[in-house]
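Assemble the whole structure, with the sequences as input and the hints as a guide.
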Amino acid sequence: MRRFSIMLLLCFALLLTGCGQKSEQEVLQDLAERKQEMNTYQSRGKMVIQTGKEPITYDVEVWYKKPYFYRVAVKNVQKDITQVLLRNHDGVYVLTPHLKKSFRFQSNWPESDGQVYLYQTLIKSILRDKSRKFRTSKHDYQFDVSVALPQHPSRSKQRIWLDHDLNPKRVQVLNDEHQVMIEVTFQQFQNRTSFDVDSFDMKRNMQQIGTEGDPKSAADAVAPAYLPAGSRLESERSLSSLNGPLTVMRYQGKHPFAITVRRTDTLHQEIAGNAVPINLQQALGVLTTKGKERSLSWIYQGNEYELLGKLSAAEMVKIANTTFQEPTK
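Per mature numbering (1 follows the signal peptide of the UniProt record, and there is no 0): the sequence shown = residues -22 to -1, 1 to 307.
FYI, nobody ran anything at the bench for these hints, they're computed from the structure.
Take these hints with a grain of salt, some might be off.
As the list claims (entries may be wrong) - Taking lysine-lysine and the PhoX-like style, the derived pairs with C-alpha atoms no more than 20 Å apart in a straight line are:
(1) K288 x K270
(2) K135 x K102
(3) K111 x K147
(4) K(-1) x K147
(5) K57 x K78
The structure is reproduced here in structure tokens:
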């Protein structure tokens, strides 16, 4: 009888082990396999960006179809404006449908600079960091990993939560002081989904989102609140161009730069050079590198901005983000 009881206890222990949570190595192996085998997915969530003032909330919807088709709809909740980040056979697009404006460029995004609301980016961050920290709980797996963001060097760590099916639940991006700068909460994640034939078509995505925005609130020029050390405004001029009136602000310093501002048009614009999409605080932007020169383009409140100079990507993003905080002139 005693021998039977011991065997029963051993079987029960083995049963518990089989139903228990996976080890770190098992989770990593499953993530690597999923990354290779995943054909499609769709996700919805909320992204909150801390700005030092009022946080900005975005609704984010992601569609993915193997091998490289992406559609990311990013809606600024406070301003009720949606932009679309799209990749298809023709390249990568940043679309602003309510203004009928599009930028197109060639890029290997998101393999180069993927955003934290992309599932593949999270998997890649987990697998790449050999110093990762792993925790498991009754409801999820948690990874703490380092992150390298050239545009945001102070954001040094990610905290990623996956459910026991390895679907994304939440991600936090923290700065050097362990403060949460960005948080994405996934409200829905569906693997193996299906899409219409034209789901990743540029024209369809330009037509689907119908908000008119507020073009009347566009500014003639918006001076950035942040300037690199030693920089100063040298001149501000209003010019005429083929695309209408243009304001040019030139700044002198160790690394001179210029900001151009004009009313946006409805033209499709091609961008040459090495370009990647950038999430600014209030808009999607396109960062282009040509040798030592960089340019950062974005659209906000009916205006089209371009920042040009021999600045680091991080400095350009800091300058651009402070134009959203200033009142119009």
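Agreement of K(-1) and K147 with the hint, judged by alpha carbon distance not exceeding 20 Å: holds, 17 Å
Restraint status (C-alpha distance of K57 to K78 at most 20 Å): holds, 17 Å
Distance restraint between K288 and K270, which requires alpha-carbon spacing of 20 Å or less: Holds, because 6 Å separates the two Cα atoms, which is no more than 20 Å.
Pairwise hint evaluation, K102 against K135, where the allowed Cα distance is 20 Å at most: This hinted pair holds, its Cα atoms lying about 14 Å apart.
Given hint K147 paired with K111 - CA-CA distance at most 20 Å: holds, 17 Å
Hint check: no violations occur; every hint is consistent with the structure.
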